[in-house]
Amino acid sequence: MINKKVLVIFLLLIGVFVLLSPEIKENPRYYLFEKPFASTVNLIHSGFFLIFRGVSTTWNNYIDLVDVKEENQRLFEENKRLLAESLSLREKALAYDRLSQLLKVKDAIHTEFTVAGIVAREPTNWYSAVVINRGEEDGIRPNMGVITAEGIVGKITKTARHHSRVLLFSDRNSAVAGVIQRTRDEGIVIGGEGKVLRLNYILIDSNIQNGDLVLTSGTDSVFPPGIVIGRISRVESPQNALFHSIELAPEVSLSKIREVMVLNIPQPPEIEMLLKEDVR
Amino acid sequence: MKSLGWVLFILFLLAFQGSVLNPLVIHGIRPDLILITVYLLGILKGDIKGGLIGASLGFIMDILSAGPVYYNVFSKCFIGSLAGVIGRWIQNPGPVLHAGMIFAASLLQGIGALLILAFLGMARLPQDLFYITIPQAIFDGALGGIVYLFLTTRRKRTVSRWAV
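The listed protein sequences correspond, in order, to chains A and B.
Numbered by the working numbering, the letters in the first sequence go through residues 1 to 280 in order.
Numbered by the working numbering, the letters in the second sequence go through residues 1 to 164 in order.
Hints should not be assumed to be uniformly reliable.
[What the hints assert, rightly or not] Computed Cβ-Cβ distance ranges for the label pairs, DEER-style: (1) A:62 with B:90: 42 to 50 Å; (2) B:146 with A:73: 38 to 46 Å; (3) A:68 with B:24: 25 to 33 Å; (4) B:153 with A:71: 40 to 48 Å.
FYI, nobody ran anything at the bench for these hints, they're computed from the structure.
This one's a predicted model, so the numbers in the text were calculated from it and none came from an experiment.
We treat Cβ as the ideally placed atom computed from N, Cα and C, and that holds for glycine.
Please model the entire structure based on the sequences and the hints provided.
Structure (structure tokens):
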């Protein structure tokens with residue numbers, strides 16, 4: 001009987017803790033009691049990531065080798081004459097692709113960035129977040145934007161010494177200021193509907209079409225203008241409505257990204273002040 | 001030594017749940033291995049231990065999650081102690097019954113999470129129910145049943161080997 005009473009009291013205490021927890025969760029730094037747990041599990045995540053990546057790379061290399069061998073046998077006679085030339089051209093094409101991709105990103109963002117690897121994902125199905133292996137010691141701060149060469153990924157919400165949490169743009173709490181490239185209409189892109197994003201506040205008289213590209217507008221001080229968010233995949237214009245109902249297909253496949261770039265954009269002084277107040 | 005083994009197992013489980021390359025993810029839904037573990041430990045160890053283990057695991061899960069409240073600490077504690085009570089009252093339960101119980105526990109937990117999100121104005125109904133809560137409950141139930149079947153088969157084999 002005593003055990004039951006203890007259990008009920010324990011559950012009630014936890015219930016109170018749950019009610020108080022939003023204050024803890026909203027803080028951009030880990031609380032003192034959170035740090036040891038977060039650091040230990042994130043360290044294991046990093047180890048896991050390295051082991052899995054090693055196994056996966058070895059396996060893929062093996063498969064590639066088998067494929068290359070078969071392909072070589074089949075095409076050897078036919079391509080013998082052109083082999084040297086095609087290899088050289090292929091290398092040049094790959095180098096060109098990589099350089100133009102980098103140039104494109106560099107031209108678009110005009111800002112410093114830190115490259116980070118994703119070591120863990122959100123353990124529940126309710127939110128979309130990842131953990132990266134760069135933290136406060138690498139200059140990562142809350143509210144920094146995170147992108148890849150293909151487009152935006154999310155923003156930093158919580159930092160520790162060697163790890164940071166990135167809230168992905170597909171999360172229900174996420175919002176990014178966006179602009180439609182062709183018409184220059186500005187709106188807010190929000191997540192929370194699986195692989196589909198939603199572009200809100202585009203006036204009904206705006207002439208938008210499926211396939212229009214949506215970029216960051218740069219007005220949120222998190223992302224510089226011109227970074228790809230996604231393409232319009234569905235437009236509904238209900239009668240007597242003030243705004244279009246727009247769905248976006250993101251350009252970045254969030255389940256496949258492994259490396260990201262964390263942007264170091266100087267924040268306006270008032271936002272810096274608010275962030276410092278939050279941390280306190 | 002045994003306690004160290006348990007700590008390592010729990011850390012491994014927590015890391016595996018949030019691993020980048022978790023092979024158990026189907027269509028973006030990852031099963032709640034912590035829930036399954038807490039349920040099975042509750043069955044084996046009783047309501048008090050089940051509740052305490054559930055609270056500890058849920059607490060660490062909450063630290064690692066981007067959710068706006070510490071919810072798992074409560075839900076896992078509740079599920080652990082509930083499993084302890086079930087374990088005491090049900091005789092010779094089979095894997096199907098356990099699969100059903102884990103399905104119900106996961107569904108209950110999902111509905112709780114949905115209510116919190118609705119309270120915070122962040123729920124998307126009915127999509128969250130049909131695309132997250134129910135598929136996850138089915139996945140958790142099926143996986144929990146398989147794990148229980150695996151564990152009992154191993155146990156029976158060990159017992160029969162000793163009996164000979």
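Results for each hint:
no.	hint	verdict
1	A:62 with B:90: 42 to 50 Å	holds (48 Å)
2	B:146 with A:73: 38 to 46 Å	holds (43 Å)
3	A:68 with B:24: 25 to 33 Å	holds (31 Å)
4	B:153 with A:71: 40 to 48 Å	holds (45 Å)
When each numbered hint is compared with the structure, no violation occurs for any of them.
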